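Enquirer: Chains A and B, in that order, are what the protein sequence lines are. Anchor point for the first sequence: position 238 equals 238 in the working numbering, and the numbering is continuous, going up by one each time. Plus 1000 on top of the position in the second sequence (first one is 1) and you've got the working numbering.
Hints were generated in silico from the structure; no laboratory data involved. Given the structure is predicted, the values throughout are model-derived calculations rather than measurements. Don't take every hint at face value.
[Unchecked claim] Cβ-to-Cβ under 7 Å is the rule here; a few derived chain B residues that face chain A:
(1) 1007
(2) 1059
(3) 1089
(4) 1093
[Said to hold, decoys possible] Cut-off 25 Å, straight-line C-alpha distance, at most; resulting in silico cross-link-like pairs (BS3-like, lysine-lysine):
(5) B:1092 with A:88
(6) A:398 with A:382
(7) A:181 with A:88
(8) A:418 with A:480
(9) A:78 with A:166
(10) A:395 with A:382
(11) A:480 with A:469
(12) A:181 with A:224
(13) B:1009 with A:88
(14) A:139 with B:1078
(15) A:421 with A:349
(16) A:398 with A:477
(17) A:224 with B:1092
(18) A:469 with A:382
(19) B:1092 with A:139
Note that the Cβ used here is the ideal one computed from N, Cα and C, for glycine as well.
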Amino acid sequence: MSYVIKGETGDWEVVIGLEVHCQVISNAKLFSGAATDFGSEPNTQVSLVDAAMPGMLPVINEQCVRQAIKTGLGLKAKINTKSVFARKNYFYADLPQGYQISQADQPIVGEGTVILDMPDGSSRAVGIERLHLEQDAGKSLHDQDPTRTFIDLNRTGVALMEIVSKPDMRSPEEAGAYLRKLRSIVRYLETCDGNMDQGSMRCDVNVSVRPKGSTELRTRAETKNVNSVRFAMQAIEYEAQRQVEIYDNGGEVVQETRLFDSQKGVTRSMRSKEHAHDYRYFPDPDLLPLVFDDALVAEIKTTLPELPDERKARYVGEFGLSPYDAGVLVQEKDTATYFEAVALGRDAKMAANWVINNLFAVLSDRGVGITESPISAADLGKLLDLIADDTISTKIAKEVFEVMLETGDAPDKIVEDKGLKQITDTGAIEAAVDAAIAAGPTQVAQYKGGNEKILGWFVGQVMKSTGGKANPGQVNKLLKDKLDN
Amino acid sequence: MSLDKDTVKNIAYLARIRVGDDKLGPLAGELSTIMGWIEQLQELNTDGVEPMASVAAMSLPQRRDVVTDGNCRDAVLKNAPDAEDGFFAVPKVVE
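So that you can see chain A by itself, here it is in the shape it has in the complex (with noise of 0.2 Å):
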């Protein structure tokens, strides 16, 4: 299922590197003392460190140096003891400093592997290039004032790790499952709160495109900040066909930052930004490298909770899920508390078609999370329960379950007020079967005759009288000793 761009000169192939931004969780700043909390009032969480007031020192919080190792870690990457901070050099009215405080040539953490899950169960290993730890900017209100632009530095100086990847994504789909995968990292492993829409994790696109076939890397273009996964798979899908019709034409890609207009669905060039690639990085004089020994890798690596990966292999392994269906349970950790929950001591496939199947299109449809599930874990787990032990069919538990939904009244208690307990009592349901039979000579006569599939009319007469409560494998088993005799 490989992704193709047609053009008018044959087929090409899309080159996809993201860099994404993630805000760290911290309680203080990067460099300063400083509140990072989100949505306070403008400008109270700023020192005057984040300030850029003259003769203000950056101090390194020790916290977000183990939180970009505990990532690190998590992207089973190589973590560099020895980093260095450098600045990077820009004017812009949210970056009082003139510059931002980042890694160049030396990042904390070096070359990883994040696995993707595809939707048709295979997965794909693509390749981490780099993490490093840099200052976010402040906050550009533009529309609230028609002449000037209002400023607030309560983000600026937040902790971020940047995350580069390989250019070893070939299409929208993998873009979009390897953005959802390192939220999923990010979250287990509580580094970073990965709320898109919030802006605590951002992406920048990086778009190329090839003849099929080729192995050269051609310029690329850059789509900044696009806030969800849905757009950076538009803004790829727009950006390849967008530079194949420029090489059809006879053009060549210019090497640009582009911004995504997600109205439109469409990316547009930046030219305020023409002149600033040219960041004249170097070694920040105010801060020391950043050495810290293997022994505190060791430590972080103790703290490091099981990841998606090892969970669904587990999944996969113990429970005998397919690896599609243990794929979709671990990618929010709070899906696979919930499902374990369920699943304990419990039938776990016959648990993961619940949660998969029938919950989560509740969840879909009512548009909340599986921690406002109408449903606790307890409950789901009570109607398994129920199953299991023959008290009620599968068929009536699905009519249990909307029940549930309706009035949050526990299983057995829906089971008990509405008289739905199974029949397993095999004098009634012999009274029943031989009721159908009785009622349909003509279909006697055609199931005789070779028809089997008719055995499904005896079946259906039979749940009719019994108000769906008989236990279906008993009605199977004694109507077809009856008939068969």
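Use these hints to put chain B onto chain A, whose structure you have.
Expert: Positioned in the frame of chain A, the structure of chain B alone reads:
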């Protein structure tokens, strides 16, 4: 290595320093002299020598993750040429 006037003009632009056209020539000369000194330094063989980050034999001091600062909006905004509703106000930045 010598710098031409256009390069000096671009460097001045990137640094937001206004340099008159008549100053570009002399400045190019001065900067080229400095580059010459750096070239001299680069003649030294530094194979196997760690880059020196500081003359002080110390490592990067680190801070605990505790909020100890901020909540000083008035001080932060005090020198701003223009401010409104707690924001800095700057000439419109058009994208």
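Enquirer: Each of the hints needs a verdict: does it hold here or not?
Expert: Here is what the structure says about each hint:
{"no.": "1", "hint": "1007", "verdict": "violated, 11 Å"}
{"no.": "2", "hint": "1059", "verdict": "holds, 5 Å"}
{"no.": "3", "hint": "1089", "verdict": "holds, 4 Å"}
{"no.": "4", "hint": "1093", "verdict": "holds, 5 Å"}
{"no.": "5", "hint": "B:1092 with A:88", "verdict": "holds, 24 Å"}
{"no.": "6", "hint": "A:398 with A:382", "verdict": "holds, 13 Å"}
{"no.": "7", "hint": "A:181 with A:88", "verdict": "violated, 29 Å"}
{"no.": "8", "hint": "A:418 with A:480", "verdict": "violated, 30 Å"}
{"no.": "9", "hint": "A:78 with A:166", "verdict": "holds, 15 Å"}
{"no.": "10", "hint": "A:395 with A:382", "verdict": "holds, 16 Å"}
{"no.": "11", "hint": "A:480 with A:469", "verdict": "holds, 19 Å"}
{"no.": "12", "hint": "A:181 with A:224", "verdict": "holds, 20 Å"}
{"no.": "13", "hint": "B:1009 with A:88", "verdict": "holds, 20 Å"}
{"no.": "14", "hint": "A:139 with B:1078", "verdict": "holds, 19 Å"}
{"no.": "15", "hint": "A:421 with A:349", "verdict": "holds, 24 Å"}
{"no.": "16", "hint": "A:398 with A:477", "verdict": "holds, 23 Å"}
{"no.": "17", "hint": "A:224 with B:1092", "verdict": "holds, 21 Å"}
{"no.": "18", "hint": "A:469 with A:382", "verdict": "holds, 18 Å"}
{"no.": "19", "hint": "B:1092 with A:139", "verdict": "holds, 14 Å"}
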